[in-house]
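Student: Chain R is already provided as a structure; the job is to place chain F on it using the hints.
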Amino acid sequence: MPNWIALPALAGGLLIGGAAVLLLLFNGRIAGVSGIAGGLLAPEVNGTRLWRALFLLGLVLGAWGIVALGALAAPPRQGFPPLLLVIGGLLTGYGTSLAGGCTSGHGVCGLARLSKRSLVAVLVFVGVAMVTTFVVRHLWGLSA
Amino acid sequence: MSAHRGVAALGAGTVFGAGLALSQMTDPRKVLGFLDVAGDWDPSLLWVMGGAVTVALLAFRIVLRRAAPVCDAQFHVPTKTAVDRPLLLGSALFGVGWGLAGYCPGPAIASLGLANAETLWLLPALVAGAALQRWRARRQPG
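First to last, the protein sequences are chains R and F.
According to my numbering, the first sequence holds residues 1 to 144 in order.
According to my numbering, the second sequence holds residues 145 to 286 in order.
Keep in mind the hints are simulated off the structure, nothing from the lab.
Be aware that a few hints might be false.
[To be verified] Here are the in silico distance ranges between beta carbons for each label pair:
| hint | chain 1 | residue 1 | chain 2 | residue 2 | range |
| --- | --- | --- | --- | --- | --- |
| 1 | F | 145 | R | 114 | 24 to 32 Å |
| 2 | R | 42 | F | 226 | 20 to 28 Å |
| 3 | F | 268 | R | 44 | 30 to 38 Å |
| 4 | F | 147 | R | 139 | 46 to 54 Å |
| 5 | F | 261 | R | 68 | 14 to 22 Å |
| 6 | R | 79 | F | 148 | 40 to 48 Å |
[Claimed, not checked] Straight-line Cα separation of at most 25 Å, SDA-like style, residue types lysine to any residue; simulated pairs:
| hint | chain 1 | residue 1 | chain 2 | residue 2 |
| --- | --- | --- | --- | --- |
| 7 | F | 224 | F | 259 |
| 8 | R | 116 | F | 281 |
| 9 | F | 224 | R | 39 |
| 10 | F | 174 | R | 39 |
| 11 | R | 116 | F | 226 |
| 12 | F | 174 | R | 84 |
| 13 | F | 174 | R | 86 |
[Unchecked claim] Not everything, but these chain R residues come out facing chain F in the computed CB check (under 10 Å):
| hint | residue |
| --- | --- |
| 14 | 21 |
| 15 | 24 |
| 16 | 36 |
| 17 | 47 |
| 18 | 69 |
| 19 | 92 |
| 20 | 105 |
Note that the Cβ used here is the ideal one computed from N, Cα and C, for glycine as well.
Only chain F is shown next, with the shape it has when bound in the complex:
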């Protein structure tokens, strides 16, 4: 089962990475062009999100009718529903980082396949930021 899950994840990741590059969401200029509503606005990101959410919205319902996924004994979907302080603060900090540099985590990683030197600065910092948050959460539970 573990090997099957690995193959499935490799396939899904590859399709995901291809989608990011094809839609140019790996290009921070396209992302910042969307975020810059006061400039020469680029709506591309809306098309990307619209396409992705529509496919997932329709197909998730069908998939989740199954008793279990193909390669695992159960689904692992999030159970949290609370709109709490970590969600709001974390999203706001992410928003500042995204608006500054133009990379969210997917494109930052996918850019390793694009001979893009920027991600050599950004990605180690992204990992360090995530590690720092996990370390703080372990020290201050709850």
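Chain R with its partners taken away, still in its complex shape:
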């Protein structure tokens, strides 16, 4: 295996893609996390609450399982300003709700469906995020 292949990253990506295929095959749904979670904030329609909640529970269990198997070595980041976490969370929640998707819905599933709308969304959020990270790390000097 050439060493420029990031094997855990590729394997994780294959699992994520496989999960998206499973959800489409069984439930006919797009595996977009912001959309699945956002549906829980809306008034209940057509009995979708159960599967939405269970998908999110699965996200937590799956991540926990990788830790339990000892496949995740890095400890959590320490000392990152809580205010940035709160502002980042607010903007991410508001923005993904307005845009109708995030890294999974527009990113993984939208690109796989060859959606022009999703491609534009991905280019915008990745581009803006790169500029934001540049400002935070290299102009403002926060290194965490």
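Tutor: The following block gives chain F in isolation, referenced to the frame of chain R:
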């Protein structure tokens, strides 16, 4: 049917969460390492997206040849195609939030399984942001 959909969603969510943790996309340092193109660049996120999109690109076509999914009467795939202002503005706001904190919604939720205190700050704010957008959209239709 509803119980079957629940089991399928739990299974898909679990595989998804395992993929996020295995690829370390639950670690904001890895994500910001990708976004920081002027620093010590970490291409991991490209491998994750590449792997995920390739699997989905190949298999979605086969799945969508079916008349219906296994546990439902019809597929629920997005029908919008317009590149409009909400898409652009929303994606830009998300980009700022992602670049600031290093969490997109999937990892923010999956981090609840990782004993990571950061998500206790980030996740309530994420839910509040999404709720605020939905509330504003209801008040100003269209």
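Student: Now tell me if each hint is right for this structure.
Tutor: Outcome of the hint check:
1. Between residue 145 of chain F and residue 114 of chain R, the C-beta spacing of about 30 Å keeps the proposed range 24 to 32 Å intact.
2. For residue 42 of chain R paired with residue 226 of chain F, a C-beta distance near 21 Å keeps the hint of 20 to 28 Å intact.
3. Checked against the hint of 30 to 38 Å, the pair residue 268 of chain F and residue 44 of chain R fails, with Cβ atoms roughly 22 Å apart.
4. At roughly 53 Å, the beta-carbon separation of residue 147 of chain F and residue 139 of chain R lies within the given 46 to 54 Å, and the hint holds.
5. A C-beta distance of roughly 19 Å is found between residue 261 of chain F and residue 68 of chain R, which places it inside the suggested range of 14 to 22 Å.
6. Restraint check, residue 79 of chain R to residue 148 of chain F: a C-beta distance of roughly 45 Å satisfies the suggested window 40 to 48 Å.
7. For the hint linking residue 224 of chain F to residue 259 of chain F, the alpha-carbon distance of about 38 Å lies beyond 25 Å, and the restraint is violated.
8. A distance of roughly 24 Å separates the Cα atoms of residue 116 of chain R and residue 281 of chain F; the hinted pair therefore holds under the 25 Å criterion.
9. Pair hint residue 224 of chain F plus residue 39 of chain R holds up; C-alpha atoms about 17 Å apart against a cutoff of 25 Å.
10. With a CA separation close to 29 Å, the supplied pair residue 174 of chain F and residue 39 of chain R exceeds the 25 Å bound.
11. Between residue 116 of chain R and residue 226 of chain F, the direct Cα distance comes to roughly 9 Å. Compliance with the 25 Å bound is thereby established for this hinted pair.
12. Restraint check for residue 174 of chain F and residue 84 of chain R: the C-alpha separation of about 17 Å stays at or below 25 Å, so the hint holds.
13. A threshold of 25 Å between alpha carbons decides the hint, and for residue 174 of chain F with residue 86 of chain R the separation of about 19 Å falls inside it, so the pair holds.
14. Taking 10 Å as the C-beta contact cut-off toward chain F, the hint placing residue 21 of chain R at the interface holds, the least distance being around 4 Å.
15. Here the hint on residue 24 of chain R is kept, as its CB sits about 5 Å from the closest CB of chain F, short of 10 Å.
16. Interface restraint check: residue 36 of chain R against chain F, minimum CB-CB distance 8 Å, threshold 10 Å, status holds.
17. Proximity of residue 47 of chain R to chain F holds as hinted, the smallest CB-CB distance being about 6 Å (cut-off 10 Å).
18. The interface hint given for residue 69 of chain R is met, as the beta carbon of that residue sits about 9 Å from the closest beta carbon of chain F, less than 10 Å.
19. The beta carbon of residue 92 of chain R comes within 4 Å of a beta carbon in chain F, closer than 10 Å, and the hint placing it at the interface holds.
20. For the restraint placing residue 105 of chain R at the interface with chain F, the shortest Cβ-Cβ distance is roughly 8 Å, inside the 10 Å limit, so the hint holds.
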